[in-house]
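Peer 1: Here the protein sequences come in this chain order: P and S. Under my numbering, think of the first position of the first sequence as 1, with each following residue one higher. Under my numbering, think of the first position of the second sequence as 1001, with each following residue one higher.
If you're looking for bench data, these hints aren't it; they were derived computationally from the structure. Keep in mind the model is a prediction, meaning the values are calculated, not measured. Don't take each hint at face value.
Stated by the list, open to error - Quick partial rundown of chain S residues pointing at chain P, CB under 8 Å, derived from the structure: (1) S1054; (2) K1118; (3) R1121; (4) S1139; (5) V1146.
Note that beta-carbon positions come from the ideal geometry of N, C-alpha and C, so glycine has one too.
Number of protein chains: 2
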Amino acid sequence: MSEARDRPEVVVLRIGHRPFRDKRVTTHVGLTARAFGASGIVIADFKDKAVERSIEKIVRVWGGDFWVRSGDSWREVVEEWKKRGKTVVHLTMYGKSLQGALSELRGKDLMVVVGSEKVPREVYEVADFNVAIGNQPHSEVAALAVFLDRLFEGKELHMEFKGGKMRVIPSERGKRVEKIRIGGA
Amino acid sequence: MSEARDRPEVVVLRIGHRPFRDKRVTTHVGLTARAFGASGIVIADFKDKAVERSIEKIVRVWGGDFWVRSGDSWREVVEEWKKRGKTVVHLTMYGKSLQGALSELRGKDLMVVVGSEKVPREVYEVADFNVAIGNQPHSEVAALAVFLDRLFEGKELHMEFKGGKMRVIPSERGKRVEKIRIGGA
């Protein structure tokens, strides 16, 4: 958890994953969670080894200790989290405005729930906060990215991911990548 | 263009769309472009009526005048835009940092290019700016959302979409939606 030590624990819970239709979108949710500073993701209700592997491959190559798990019941995951006295935030186009919620959320350990098209009514009820990233339909990937970017105030984009095999050298034209030696930097 | 009158024109160009694999991700790119204040999207190189229809349906129900077009050659779209003296920004994990680029981009009409996994080398060369939303692999949907959110400084989330049939009433618990009468408000 080295790179996340100075920030609270944020875990993403992806609900409503359907194995055929959502493979790529759920992978995007996972990679976005990692790149924007979450510690890990639970993909609920359906065990999807292919999505797990896609995300884990990125972790091996690019570093950090982001984790992924799939197949757990969303209710149990949420209950377990709440039993530990922690906060559940559900991102939805129907919730209250992001700006108002942020001050209450910063600094807390959070479970961030993102759904797909159909979200059970119950999710709105068990969440401590239903937060809207705008009140228009768009994408759980977009909602998660903007939520984490605002929560961490942009600092997550400068986070270091330790232990990877590759690192990007930012450049104006094109792809500069540095290969990292094992044991070196 | 009522709701976008006070901001510059931002058009999204989605390249590398593959009809089977990317249908849902490209739809998410389109809906994110709309919800975060772009005027329209061009899906390059492959005519995809199904994706066009999904996005247009959202516009009919939720309002605004976001447009979608597919099948154009990305090179021609970029050339045409540049011929009009306008700026092309390519979002990529290899580019220069977002924070540095923003001050040069605000207030300009922009074409924002987002790719999928493989982006032709040439794109990096024709773009006026290659901008990274972090230097980690994640998602073109996430990159676009955070880019537009930062560009418009969060104001896009309060934008009004005129002429829709539905409007969300933000609420703490659940789904409150108002149906809008034709001719009324």
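Peer 1: Holds or violated: is the Cβ of R1121 of chain S closer than 8 Å to a Cβ in chain P?
Peer 2: holds, 7 Å
Peer 1: Can we keep the S1139 of chain S interface hint, with Cβ of chain P closer than 8 Å?
Peer 2: Since chain P brings a Cβ to about 4 Å from S1139 of chain S, closer than 8 Å, the hint holds.
Peer 1: Regarding the hint that V1146 of chain S lies at the interface with chain P, is the smallest CB-CB distance below 8 Å?
Peer 2: Holds. Min distance 5 Å.
Peer 1: Identify whether the interface hint at K1118 of chain S stands, where standing means a beta carbon of chain P within less than 8 Å of its own.
Peer 2: violated, 11 Å
Peer 1: Does S1054 of chain S pass the interface hint, meaning its C-beta sits closer than 8 Å to a C-beta of chain P?
Peer 2: The hint is violated - S1054 of chain S has no Cβ within 8 Å of chain P, the shortest such distance being about 11 Å.
Taken one by one, the earlier hints fail for this structure at numbers 1, 2, listed in ascending order.
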